[in-house]
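Asker: So you can see what is in the structure, the chains are spelled out below.
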Amino acid sequence: MAECHPVAFRYVMQAKLAGAKIVHADPRFTRTTAMADIHAPLRAGSDIAFLGGIINHVLNSKRWNEEPFFKEYVTAYTNAATLINPEFQDTEELDGVFSGLGPYKEGAWGLNGHVGQYDNKTWQYQGTEIADQGRSAATAQSGEQGVQSGQESEAAEAPPAGGPPYDELVRGLLKPPSQTDPTLEDPNSVFQLVKKHFERYTPEMVEQITGCPADRMRQVAETLLENSGPDKTSAICYAVGWTQHTYGPQMIGTAAMLQLLLGNMGRPGGGIVALRGHATIQGSTDIPTLYHSIHGYMPAPTVLKKHETVSEYLQAETLPKSYWANMPKFFVSYLKSMYGDAATAENDWGYGWHPRISGDHSHMPMAIAKAKDRVRGMFAMGQNPAVGGQNAIYQRKALAKLDWLVVKDNFETETAAFWYKSPEAVSGELPPEDIPTEVFFFPSAQVAEMDGTYTNTQRLVKYHFKAADPPGDARSDLWFTYHLGLRLKELYKDSTDPRDAGIQNLVWDYEPDEEEVAPWAIKDEPSAPKIMREINGYMSGNQEEHLPGFAALKDDGSTTCASWIYSGIFPKPGIENLRAAHRDNTPTTAEYDGQSLQGTELDWGFAWPANRRMLYNRASARPDGTPWSVEKAWVWWDPDKVNEATGDAGMWTGLDVPDFVLGKAPDAQPKEGGIGLDAHSGSDPFIMKADGKGWLFTPTGLVDGPLPTHYEPIESPVPNLLYPNNPTSPVLKRWDVEGNVAAAAEDPAFPYVLTTYRLTEHHLSGVMSRWLPWLAELQPELFVEISPELAAEKGVANTEFVRVITPRGEIQAKALVTSRIQPMAIAGKTIHHVGLPWHWGYQGVVTGPVTNDLSLMVGDPNVSIHEGKAFVCNLEKA
Amino acid sequence: MAQQTDIFPPPGEAMEPPGAFEAQPMGFYTDTTVCIGCKACEVACKNWNGLSARDGGAQPMSGDSYDNTRTLDGEHWRHVKFIEQFSEDRSQGRWLMMSDVCKHCVQAGCLEVCPTNAIIRTEFDTVVIQADVCNGCRDCIAACPFGVIEVNPVNNTAMKCTLCYDRMQNGLVPACAQACPTASIQFGPIAELRELGAARVEQLNTQSRDAGRPEDAYLYGADDSIVGGLNSFYLLIDEPEVYGLPRAPKLPSSQLPATTALTAAGAAGLGLLGLLGFRKRRMDDFAAEARAEAAESVRLAPGETVVVEPERGAKGGVGGEY
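Top to bottom, those sequences are chains R and Z.
Read left to right, the first sequence gives residues 1 to 878 (the working numbering).
Read left to right, the second sequence gives residues 1 to 322 (the working numbering).
Only chain Z is shown next, with the shape it has when bound in the complex (with noise of 0.2 angstroms):
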């Protein structure tokens, strides 16, 4: 989906509200090798759900680089990463910079242990924290992998992105995409955004090939592999740990016993099923897309997500020893 321009409507004339996206999968897919950490994202984040700022503003630097927000919280819902890569001679260096949010996942942690039915998976496979349900118990702090989720401030309930999912019921492009100058948040149909970043891929490595250089790219949760995919899926040049992401992540339900775990009787063992229906069809997907690549087929029907099973080339080096 192309990103909104035109947002100016001719003089004297107002803006026509747009109506809702197509309920479809929709997210992020964030390519970390094209962000400037100018951390447009996390104001605009900020800006649009009205959230605070830690301590008014106010708290000391941190002297982690350039990285003062630190993390994900209930008050910051995006969060730019800096990671300084120097040799000592400074002959080679890289200064990786990646936003971080919500990783929206196909098996939400968070949403399987929320007690009070407060985090709601919606009509675009985001996952949805609504504070007047949730009872501040901060299960979903503990069960959520990627530490994304904390208690806000100001209301004292758990909060994280929504992928601005009013926004998105008034076919708005989520506030940080909106602002992200150099289009490393890329907001659209999951479908569509697993292609853009497989070509992305493919682009990087070719370059890198033809310097002699490692094939370090790759999509990070753009496939099943981590808790049944990422609606908010990366591009990474380095291994997940530089960026603080999860190699393999868990989810609470993989503490269960084996018979019951991800199964959809263990999910109907914890009483989620219900809640989980968009979820059992994206994995029905998945499974239909095993299939299908079985069959050698990567023809799928129309409406059908596509997934794109990057080629995971040899990393670089490893973080903190470029």
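Chain R extracted, bound-state conformation (with noise of 0.2 angstroms):
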């Protein structure tokens, strides 16, 4: 985090100097292990091992079994006490699949990659059927994994209920609930599979797999123990390099699994804290450059579901319990936000116009469909995947067989040279005269020459005044998109072909008012604030009048709105109104038990949703509606206030906006027959799920099991040691074609581990700092740490070359000889660690090999995150 994220990390340095413990995890020894109390070096890759360890230790310690604050919060929280279905059998029992495990058919696009696929009837909540209880993984939401996500197939034979309103739509979607046993005990309870789950993982074991000594494990999860509880909670961060493996999300599962265990989900300093890794990723997600998802995380319409009309799309994607049972509404007023008066009750909304997918759609099967002649042209747009793509040999040799490529960026990348440049044009094998990719570059204009937002990872959207024109024929991507969206209209204005129709009925009124451009030399540059007007929404009909935030939408066609989430952002007309360019830092204050107490800069930006800083955080209180503790209080029930909007006494209150209906009191019972939040109680806090709880065992949504298990990475030098004959996920994505071939388990010509990371001085490709000679000199030669025990084995002294080989590729760099890479004694052998920055490429100040040449394109089977982290070598002196 010091690494990546050194501004946020002043938080942590600020948490350190009021006494707070930090715990740094890593193979290496990085500037952030050297701001912490305690290191657990573990082997990369082997984090749910380590998790799993410190989840085993947790439940058994004195602490847990003894403060009654744990049991209650897991019990009441947590679906610990759901009962499963009886028929589910755990890796363990399986030697390390889980029930339902069959082959993967693929389909018609092809490159899906999944080796094998699970039927989760098993997994299910006893007395339910298959049914989405919370959002889905990436590859669920698309279609991809075929029976994992919506309805199961004969209640779709149904036709669904039409609309508008859809609530008997989402009503017909209500299943029996699910039976539960409050004391724990049941051995079909999630408390308990999750027990037995990770019995095996004793320290011992722990030690064997991740090389972290048992004793520093048991002292980690001692810490955490320490420091949760009533009145106190721990935070666990990660950057996005702890996603990059072939089980990534469910490394951040075990994470949230421990933080449910230790009461540390919607409370004051706990949580799962993601530091993204790019400005406002958090932002393209939310709004995204997705392949399976369109605005606020609703799943992208596919041709691999029964998604034909808005009916069959919503009887699919609509859970009928939690906040989604709203999704009617968000849906109907996005497609008024893409076409406007055109999208009628009578045409579906124009449902029949929205592009839809065919299947993974993500970076890499992309870059093998470009490769096999699939793809006609492609976008780079603050992109480099020359340099930062998995397997960029592979990558570099795909963009030439695009037509065109348009590369929009700051700099002429190694992406927008690459058919000049690359080692390949270089080096004859793939000369220039021999690519046909037409490349068109265009110069981008920076943060500080347009109007913009960023969403940072906490979901706070900060809005950003244009400064200073860009120089020359830089311009913002906004320019770019909006008079390329103005040239396709004119292009299709007198089409006939009903496909066009879309194109034709998008709505793309974002002509700057002549006050907006006054100031700048630019004037067709696209209004910022409009576009903002449109992801807020307004009244269809009215832009005038914004809507003031989610709950006023409509299913009807009365509201548009482009993202659900990011409603209440404008909720006036006029910029003064635009709650992300707020900048008050007053923090709230309140009282409670006599005491004063400050929270939060509620006028600082906004934070989706509805501005509320802190999600689930209804459990910062008890059951009962009161706080934890003073130390902890949050937002808590306030029997005597009254609700101004009904007018009755009682309401949630505290120091953030309440993420709960505001008069629901804690002891209110689910209505019969209900839906959407109606179906909950006054003590569920986890409002986006079927059952309102968090989930230790995740019935639906991953589609690699419901409880995060020991992997090894598809490259590994040592066994699996939990599961010999299972060694990896079974149902992974890889893609064998040439090119892309991974080592073998444990193959003895690469026995060490690779892992690739970032340094502070530069970011991601390079692009942003190569060029900039500030940050060239600070590091300007790509390296190869290794320890001082391995470049002894290798006879190579610091500084002197030695070449890093893969089955994809071999490059030479410097060897930076250094104790903080220490070799690790894994199941009885010695392992080393190489590590690599991977910030240099044939472009830019300073230059170097590109580490993305030895990387693998192999993907995680729920979002299709490759294994950056993670793989292996050899290593030779040069």
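By construction, these hints were calculated from the structure, which means they are not laboratory data.
Check before you lean on any hint, since a few could be wrong.
Chain Z is faced by these chain R residues, among others (derived, beta-carbon under 8 angstroms) [said to hold, decoys possible]:
no.	residue
1	Val7
2	Ala34
3	Gln458
4	Glu761
5	His763
6	Gln779
7	Thr799
8	Lys814
Fair warning: this is a prediction, and the values are worked out from it, not measured in the lab.
Note that the Cβ used here is the ideal one computed from N, Cα and C, for glycine as well.
Using the hints, put the two standalone chains together into the complex.
Answerer: Written out as structure tokens, the structure reads:
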């Protein structure tokens, strides 16, 4: 975190100065470790074993079993008490796989890459049929994993009720409630299944798998226990490298389980803190560039599911319980934002014009599609796959198959220059004259040269104002996209082809008002506030009547809203009402039990949803609505406070916007036949889940198992000590194509674990840092970090060149010999790590080999994230 | 002094330039225990002061941990040092980081020797080289006991940190301190900084005492024992030499006969007295404080400098053998 997020790390340092303990789990001793109280050195990719060991320790610890807080939180707020289908079989019974595993059948797209597929029928809550219980993984949303998401097929055969209103359709989706055992003793209860699942994750086993000394793991677990409870919380922070494993989402899931078991969710100072890898990456998933998702985490319409009409789409994707029951309102308002007046109830809101996906269209399969001549053109905007793409040699060769490539970036990146400067072009393997790709380079404006927003990791949206015109022809992404859209609309305006109606009817009215562009030389920059207005939402037909928030959305077309989760960010016309631009850092205050409490800065930017600064904050109070402690008071039930909206006494109050129905009393019971939040009780904090609980066990949503379990990376120098016969995820994605070959398990030719990472001094593929002399001189060359022990073994001295070799490629770079890398004793072997930053390429002020020439295109089964943090290599003196 | 946080004026409103800081001794207190080695200070310094990168940025890597700028010089006015200390089995290890800078000495060797009066002491008790008066003779380079000064390759004059004299004259925190994400570099009146530093030393040593570890935190240069005091002083947790700092730095004037060294008469003999009025006042302060201490009184007149004498506890392991 200090390495990659030094600015965010200031808060960690402030906590440290106030007495917080910092634990760092990492194979290397980094700048973060330098600030930590405890370092847990782990072999790259062994995180689930480590966290599983902590869970096992916690559940059997004295503190967890004696401090009543833990069991009270877990019983009331998680699905620990829920009973699971007795036919469920765990990895512990089936040697590393869960019940329901079968073969995967590729569809027409052919590049989804899964090596297997689970039928998750046996993972379900007892008494319920298969039904989405919460939002699903990308590959389930897209329909690549056919059976796991949405309703089961028989139900889908009955024609869905129409709309609007769509309430009957939603009510028709209701399933019987699950069965529970609040004593947590039933062998089929989630709690007992979790406990049993991690029984073999003993400190000694963890040491064997991870290389982390058993005592160190115990120390970490005890530190977490000491610092969690009614008056203390612990946070787990990760940067996106943690996701980059073939079981990455399951690693994050293990951390979430641990936090639920420790009562650290929905409480101040707790949670899982995801540090995104790039400015406004959060924003780019909220209003997404993701293939499987449309605005506000609604699934993209897909040809792989029964998605022919709005009703069918809503039937497949609406969760009848939880706040997601309002999906018809979100979705119809979204279609109104797309097609405006042209979207009517009669034409199904223009749904037929909306693009639909047909498989995994994420980065790696698209690279293969390019190589297979199935993609004609590509826009690379702020993206540099010639350096940043996994198996970059393959990716550059794939670019050479395109008809056209548009690169919009600050500088002529490696991707823009691939056709004449790549190692393949220079060596003559792929000479420029053999590359048909027409490359267009568009220079980008910088952040201070445009109006726009950033959405930070904590969902905090901050608006920034243009300060200067960009130089020359440089333009904002907004300008580029807007004018591209205008030109496409002009191009298709006379078309009679039905498939072009989507472009013809697309709402694209972001022309700037004269005064907006008056100070600037660029007069045709689109109006960012008008886009913010569409994102926030307005009453259809009257753009001046902004929506106050998503609670105002309707499913009858009377409201227009591009992204429901952002609604409320711009509640009234006038830039002064754009809450993302607000900068008042006065913290909230409240009185509780005679004490003055200080909270958060609610008028500093805007945090979706509804400006809540902490999600699921109902959990910061006990089931009876009182704070767990005054120290950790955040949101609580005040029985005397009068709810102004209803005039009734009793409402949730505190230091934040409550993430709960304001007037729903702690002892409220679910309404019979209720949909949405009516289906939840007054003590169900997790309002986006069907059962209102935090999940220790995941019946739907993840396609690779309801519990996290230890697998090895697809390339590993050691066996899986827990599941020797199923060492890797049985459902991961792999693309065994020419030029993308994985090393076999424990291949002696590749004995070292290779992990890649970023340095503080550079950013990603280097486009924002390697061109800047001030940053370039701080880390001017690619280096290979190795331990003195490995250096001695290989006869390599510091700064001498070494060769790093994988089945994909070979690079040469200088060795940085450092004790910050340590050999590990794993399963009776000495395992060495080889560390490689990946910021260099063949363009820029400083250049160097492309680290990703070594990496492998292989994907996690849920979200198709690659495995860039743990693979294998050989190393020799050059 | 609080660091500036509210740098954003409301939309549509221009930023009001704040006035100059009050003329009083100002400087840096660098708490090396919270330095994360991000080098934002180095970059912010170069950005504000318009400094070039060595060889346009394309210099070879050093192989010395993550330190590639290696030294303070005419184009590097901030420099982050990285010191790796590990036992062979890694059971013990630490990675010390320290952002180094000109110390703005109360008795400044560079100022003593400058033949052209290019080096001045400012109203903030900082030491600034005026580029337009510097003739490039390099005497100051040899005179600096900390190796801070070098000739800038672009304008061929001796250059170093100005403590952002131009920013201070306009009420702005120096660029490095403004950029430091962890408040390792703190800026303010020396008197306040010394209190902060002393409190932090006490906090760290209490933690060490409670944990049965050596009480190794101390302030380097916060009192007058090092060339009369450093207006950029440091909190360290190992011997000064480990950080590349001299234990007992010498001034050029200390090479003069003892009767003239470090006396007002000696300074007058070197023709420096006029330049050193401010320094003299500081030294007078120290003298007054010494007298006050002798009288077991810690109360000083308002506006007088407060000197907190750090407790020098037992140091930790010797550098490199940790």
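Asker: Could you run down the list of hints and mark each one as holding or not?
Answerer: Hints, verified against the model:
1. Val7: It holds, given that the least Cβ distance between Val7 of chain R and chain Z is near 5 angstroms, below 8 angstroms.
2. Ala34: Check passed: Cβ of Ala34 of chain R comes within 4 angstroms of chain Z, closer than 8 angstroms.
3. Gln458: 17 angstroms, violated
4. Glu761: 6 angstroms, holds
5. His763: Violated - the Cβ of His763 of chain R stays beyond 8 angstroms from chain Z, reaching only about 13 angstroms at its closest.
6. Gln779: Since chain Z brings a Cβ to about 6 angstroms from Gln779 of chain R, closer than 8 angstroms, the hint holds.
7. Thr799: 4 angstroms, holds
8. Lys814: OK, holds: Lys814 of chain R within 8 angstroms of chain Z, min 6 angstroms.
Hint violations for this structure: numbers 3 and 5, all remaining hints satisfied.
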